[in-house]
Amino acid sequence: MSAPSSTARVGVITFPGTLDDVDASRAITLAGGEAVSLWHADADLRGVDAIVVPGGFSYGDYLRAGAIARFAPVMESVVKAAEGGMPVLGICNGFQVLCEVGLLPGALTRNEALHFVCRDQWLKVENTETAWSSRYEAGAEILIPVKNAEGRFQASEKVLDELEGEGRVVFRYSGSNPNGSQREIAGISSPNGRVVGLMPHPEHATEALTGPSDDGLGIFYSALDAIVSA
Amino acid sequence: MARVVVDVMPKAEILDPQGQAIAGALGRLGVAGVSDVRQGKRFELEVDDSVDDAELEKIAESLLANTVIEDWKVTRLS
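Protein chains in written order, with the working numbering: chain G, 1 to 230; chain L, 1001 to 1078.
Keep in mind the hints are simulated off the structure, nothing from the lab.
A hint or two may mislead.
Stated by the list, open to error - Calculated lysine-lysine pairs in the DSS-like style (CA-CA distance at most 30 Å, straight line): (1) G:K80 <-> L:K1058; (2) G:K80 <-> G:K158; (3) G:K158 <-> G:K124; (4) G:K147 <-> L:K1011; (5) G:K147 <-> L:K1058; (6) G:K158 <-> L:K1073; (7) L:K1058 <-> L:K1041; (8) L:K1073 <-> L:K1041; (9) L:K1041 <-> G:K124; (10) L:K1041 <-> G:K147; (11) L:K1058 <-> L:K1011; (12) G:K158 <-> L:K1011.
If we strip away everything but chain G, and leave its shape as in the complex, we get:
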């Protein structure tokens, strides 16, 4: 139990090959939360209230991006926590891990044009009811960096229709589609809106000095709201 005045604790997982754990921790701190480091080989979630699975190249992307990371001891705890309603966010490689472990449907495959794409990308926020998007206005357009080689979201037509029908497409590429993702999908959520995955990097858009905008902060503010109101 945490006292009302205590700061929300958000865990950030580090796998071998993770790159963006430091930026994710920094974003959480900027949003007013306490970032807590979680280690891939340790199943202990250290009493956190929410979890970020950050970007990078866990286990060198061997086999498939996210395919080895899903078997890390910490992931078993993440799956259990998510099933209990804990907010979980997967960014880029973290999104790939959440798909591989089955918390989110679909898969991320090689970009349509085969290039590694790194650029600032406009996204449209299509669902503002999830634990990670409540701070945005419906239909808001946000500018955050995207950087990946395997970012093309693919799922069966049936799954895509379900995602659309249930409002689980949270972020959609706006302007141009950087990787050929089906239906321009940039990010999706679990049925209860607590687990969200997206390919672009909100943790790189938290202040004018280092990013194209501070539009990414809303994702972390949203989670802190969800924790406080839980």
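Following the hints, complete the assembly by docking chain L onto the known chain G.
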């Protein structure tokens, strides 16, 4: 001991841009008549005799392939 081959291929409905790039390169090489290329993976496993077919299918389905996007086939070589 037995040698087992697991072939993993992108499902027919999944776009395979790497295969398309290879098909395009064949044209530039001057090869005619190849209308399509699909790129997959081949795994070779050395397994004890105690590993039965059900176990091999589990390995293919839960790790070697992502069944959202890939099909797999297990073949025992002997």
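Verification of the hints:
Our distance criterion of 30 Å between C-alpha atoms is met by G:K80 and L:K1058, whose separation comes to about 22 Å. For a cut-off of 30 Å, the pair hint linking G:K80 to G:K158 stands: about 27 Å separates their Cα positions. In summary, the hint linking G:K158 to G:K124 is supported, as the alpha carbons are separated by about 23 Å, within the 30 Å threshold. Between G:K147 and L:K1011, the direct Cα distance comes to roughly 26 Å. Compliance with the 30 Å bound is thereby established for this hinted pair.
Between G:K147 and L:K1058 the CA atoms are separated by roughly 33 Å; this puts the pair beyond 30 Å, and the hint is violated. A C-alpha spacing of about 25 Å is found between G:K158 and L:K1073, which places the hinted pair at or below 30 Å, so the restraint holds. Under the criterion of a C-alpha separation no larger than 30 Å, the hint pairing L:K1058 with L:K1041 is consistent with the structure, at around 17 Å. About 11 Å separates the Cα atoms of L:K1073 and L:K1041, which keeps this hinted pair within 30 Å; it holds.
A threshold of 30 Å between alpha carbons decides the hint, and for L:K1041 with G:K124 the separation of about 36 Å lies outside it, so the pair is violated. Of the pairs offered as hints, the one joining L:K1041 and G:K147 holds, with about 25 Å between alpha carbons and a cut-off of 30 Å not exceeded. Distance check on the hinted pair: L:K1058 and L:K1011 sit about 19 Å apart at the alpha-carbon level, within 30 Å; holds. In summary, the hint linking G:K158 to L:K1011 is supported, as the alpha carbons are separated by about 15 Å, within the 30 Å threshold.
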